[in-house]
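Residue-level listing of the chains:
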Amino acid sequence: MRWLLLKDLQILRRSPLLVALLVIYPVAIAVLFGFALSGGPEKPRVAFANLVPPGEGELTVGGRTLDATDYADRLFESIEPVPVDSREEAIEKVRSGEALGALVLPADVTERLRAMLGLGGGEPPTVEIYYNADDPVKRRFVEATIEARLAEANAALSEVVLREAASYIDVIVSGGEIPLPLLGAVQILGLERAQAIIDSITDGLPRESADRAALEQVSRFAELAAENLDVSQPILASIGSPVRADQHVVEGGRTPLEAFAVAVAVTVSLMFVTLLLAAGLLALEREEQAFGRLVRGLVSRTALLTEKVVLSALCALAVTLLMLFGLAAFVGLDWSRVPAWLAALFGGAVGFAAMGVAIGGLGREVRVATLLAILLALPIVFLALVPSGSVDPLLYDAINVVSGMFPFKPALRALDAAINGGGLLLPLVHLLALATAFFALARLALRRFD
Amino acid sequence: MRAESISKRYGARDALRDVTFEVVDGEKVAVIGPNGAGKTTLLRILAGALEPTSGSVAVGRVGWVPQQPALYSKLSVAENLRLFARLERAKPGHRRRGWRRTWSRGRQDDGQGSPADVERTVAGMLEQAALADRSGDEVGRLSGGNRQRVNIAIGLLGDPEVLLLDEPSAALDPRQRERLWQFIGALGTTVVFSTHDVGEAERFADRVLVLADGELLFTGTPDDLAATMRSVGRRGGRPPSDDRPGEGPGHPSDFEAAFVRFLHARGH
Numbered sequence: 000m001r002w003l004l005l006k007d008l009q010i011l012r013r014s015p016l017l018v019a020l021l022v023i024y025p026v027a028i029a030v031l032f033g034f035a036l037s038g039g040p041e042k043p044r045v046a047f048a049n050l051v052p053p054g055e056g057e058l059t060v061g062g063r064t065l066d067a068t069d070y071a072d073r074l075f076e077s078i079e080p081v082p083v084d085s086r087e088e089a090i091e092k093v094r095s096g097e098a099l100g101a102l103v104l105p106a107d108v109t110e111r112l113r114a115m116l117g118l119g120g121g122e123p124p125t126v127e128i129y130y131n132a133d134d135p136v137k138r139r140f141v142e143a144t145i146e147a148r149l150a151e152a153n154a155a156l157s158e159v160v161l162r163e164a165a166s167y168i169d170v171i172v173s174g175g176e177i178p179l180p181l182l183g184a185v186q187i188l189g190l191e192r193a194q195a196i197i198d199s200i201t202d203g204l205p206r207e208s209a210d211r212a213a214l215e216q217v218s219r220f221a222e223l224a225a226e227n228l229d230v231s232q233p234i235l236a237s238i239g240s241p242v243r244a245d246q247h248v249v250e251g252g253r254t255p256l257e258a259f260a261v262a263v264a265v266t267v268s269l270m271f272v273t274l275l276l277a278a279g280l281l282a283l284e285r286e287e288q289a290f291g292r293l294v295r296g297l298v299s300r301t302a303l304l305t306e307k308v309v310l311s312a313l314c315a316l317a318v319t320l321l322m323l324f325g326l327a328a329f330v331g332l333d334w335s336r337v338p339a340w341l342a343a344l345f346g347g348a349v350g351f352a353a354m355g356v357a358i359g360g361l362g363r364e365v366r367v368a369t370l371l372a373i374l375l376a377l378p379i380v381f382l383a384l385v386p387s388g389s390v391d392p393l394l395y396d397a398i399n400v401v402s403g404m405f406p407f408k409p410a411l412r413a414l415d416a417a418i419n420g421g422g423l424l425l426p427l428v429h430l431l432a433l434a435t436a437f438f439a440l441a442r443l444a445l446r447r448f449d
Numbered sequence: 000m001r002a003e004s005i006s007k008r009y010g011a012r013d014a015l016r017d018v019t020f021e022v023v024d025g026e027k028v029a030v031i032g033p034n035g036a037g038k039t040t041l042l043r044i045l046a047g048a049l050e051p052t053s054g055s056v057a058v059g060r061v062g063w064v065p066q067q068p069a070l071y072s073k074l075s076v077a078e079n080l081r082l083f084a085r086l087e088r089a090k091p092g093h094r095r096r097g098w099r100r101t102w103s104r105g106r107q108d109d110g111q112g113s114p115a116d117v118e119r120t121v122a123g124m125l126e127q128a129a130l131a132d133r134s135g136d137e138v139g140r141l142s143g144g145n146r147q148r149v150n151i152a153i154g155l156l157g158d159p160e161v162l163l164l165d166e167p168s169a170a171l172d173p174r175q176r177e178r179l180w181q182f183i184g185a186l187g188t189t190v191v192f193s194t195h196d197v198g199e200a201e202r203f204a205d206r207v208l209v210l211a212d213g214e215l216l217f218t219g220t221p222d223d224l225a226a227t228m229r230s231v232g233r234r235g236g237r238p239p240s241d242d243r244p245g246e247g248p249g250h251p252s253d254f255e256a257a258f259v260r261f262l263h264a265r266g267h
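Residue numbers (numbering that gives the first Met the number 0), protein chains in the order written: chain F, 0 to 449; chain Y, 0 to 267.
Because the hints were derived from the structure by calculation, they are not lab data.
Each statement offered as a hint is correct.
Just a few of them, taken from the derived set where beta-carbon distance is under 10 angstroms, the chain F residues facing chain Y:
#, residue
1, Leu283
2, Glu284
3, Leu293
4, Leu297
Note that beta-carbon positions come from the ideal geometry of N, C-alpha and C, so glycine has one too.
Construct the entire structure; sequences and hints are all you get.
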């Protein structure tokens with residue numbers, strides 16, 4: 000077998016273009032996958048017109064001064080703002096395509112907010128949003144982003160208002176000082192102290208006094224009011240965010256998106272390099288007509304297949320290990336897990352190589368075999384990356400079964416576990432089973448198409 | 000080599016029907032017949048590359064030279080020879096034996112799998128195939144004739160008792176054919192080759208087997224075949240070539256025409 004290995008290495012050495020393509024193509028595809036998975040869409044450009052007059056953006060809530068336009072900044076975390084001076088200019092930016100959307104803070108937004116917070120009623124404050132609907136993907140992104148950020152801004156304002164309301168209640172219950180516009184600081188007696196005063200007066204009155212019964216009623220009211228208002232504070236606090244999310248992971252680990260993207264990128268590379276090499280090298284034996292000569296007593300078919308699996312797996316392992324080292328330097332992976340990386344990459348490489356020789360056994364020409372490998376590989380990747388819950392449960396189960404029949408998904412699981420921690424044994428056993436099945440298929444294909 | 004009642008069926012089709020013949024040591028035997036006659040199937044069965052449906056083959060070491068050169072075009076001539084020489088020596092059951100060829104008479108006790116032995120074999124084969132000056136050239140850059148020489152040289156690496164050549168001259172121009180047949184003629188080995196060119200069979204074979212539709216129609220020397228064909232021609236009312244202008248005896252077109260009449264007379 001070593002002579003065949005040597006021969007294949009010689010052939011690869013004399014095909015620099017092929018080797019370069021074999022390395023560059025999967026790495027390029029893997030990098031694209033990695034970018035697609037790790038980064039969200041590019042920040043869309045949004046025209047921003049703040050029509051609130053200078054100095055008018057401030058409002059006071061319970062003695063605390065807020066600038067309403069600060070809350071617009073929350074939107075800028077997800078968009079690239081293009082400052083403009085007027086509503087018309089903002090709309091023109093959208094119309095010309097210079098900006099995907101426009102956000103306008105009308106001049107009266109602070110006034111309306113002030114009126115609402117001062118319980119003055121009136122229309123609620125409104126911001127205006129304009130966007131271009133030419134690109135449905137970006138439009139959906141802008142809609143979702145602006146809605147999400149507005150909800151955050153509303154929640155932040157609610158929190159401030161509710162906090163102030165709670166402090167008022169505290170003063171009403173226990174007494175204290177409240178700052179009021181125009182009047183300044185005002186001393187409030189408080190229900191508890193009022194009850195104490197009433198109780199002391201009541202104690203000085205004769206038992207049969209009519210005033211005593213009336214004052215006792217007032218005291219009981221003050222007591223009840225103080226107790227209930229005390230309870231209302233946590234209720235008010237819960238209004239700001241009535242539903243709290245308590246997150247639990249049922250299955251899978253808490254893999255950071257960047258680390259998962261690395262696992263996907265490297266697995267895609269591993270798949271392409273191994274599949275193309277294994278399928279191409281086996282098909283080459285038949286394209287060169289050497290297959291018949293080799294298996295006529297010189298080499299057994301099993302040895303020939305084993306040689307292709309070993310060579311393509313080792314080559315792919317070397318390429319993807321280097322790639323993983325490079326990515327680890329940027330993403331900051333745990334270097335102490337290198338042995339686990341090696342195990343996962345080798346398991347994946349053997350699985351893909353066995354699949355590659357099965358494909359190579361079907362094609363008599365290198366071009367046919369490699370085309371077949373690419374045509375099979377791409378849908379396998381897409382199927383394996385379909386997240387649960389994104390499609391009908393029955394369809395997802397079917398996708399899972401199909402994905403489980405090919406090495407990509409277990410290889411990805413193995414590499415994810417190797418990079419981010421987790422059970423490595425199960426995916427490796429899965430890969431071993433698939434490698435055995437594909438090897439048997441390749442053996443059958445060689446016999447069938449000999 | 001003896002083939003006894005060989006038959007081969009592909010589904011409902013008979014590729015070979017009860018073919019029996021013998022080849023004696025040192026003979027050059029041509030298997031001729033039209034396309035689809037079963038020549039390649041017969042040679043593949045003799046080479047052990049295909050199992051017959053029934054019948055048996057008794058043969059010693061066989062060298063197999065397929066119709067298309069089975070070579071790695073990215074490797075040089077010497078590298079191809081070296082690879083197959085190594086594989087020949089590494090294969091199970093490879094026997095140590097003295098080399099008949101002049102280049103390997105020397106140290107018979109030298110390990111036959113050793114690098115020195117492999118290199119000696121490669122050098123000798125390059126010399127015999129007259130390819131020593133092209134040993135470093137990639138096979139993909141060689142002419143069809145030279146590629147076929149390398150193909151045959153590889154078939155000889157196992158020191159076969161019988162060399163089987165499947166249409167060795169099929170893709171060659173007349174000049175390359177001539178050189179190839181000189182090369183084959185100089186081999187001391189027993190050779191069985193297939194061809195659909197009856198002229199080649201007449202010129203280069205000691206004995207001829209005629210196959211048509213899987214049936215062995217004739218076994219004998221080229222002269223016997225010519226005589227048989229002449230008699231068929233007379234019975235068919237066609238004058239012998241000696242009596243026709245422009246077609247002297249032994250003229251290829253005459254021989255081929257007679258061969259076609261011979262096949263027609265036997266219902267093929």
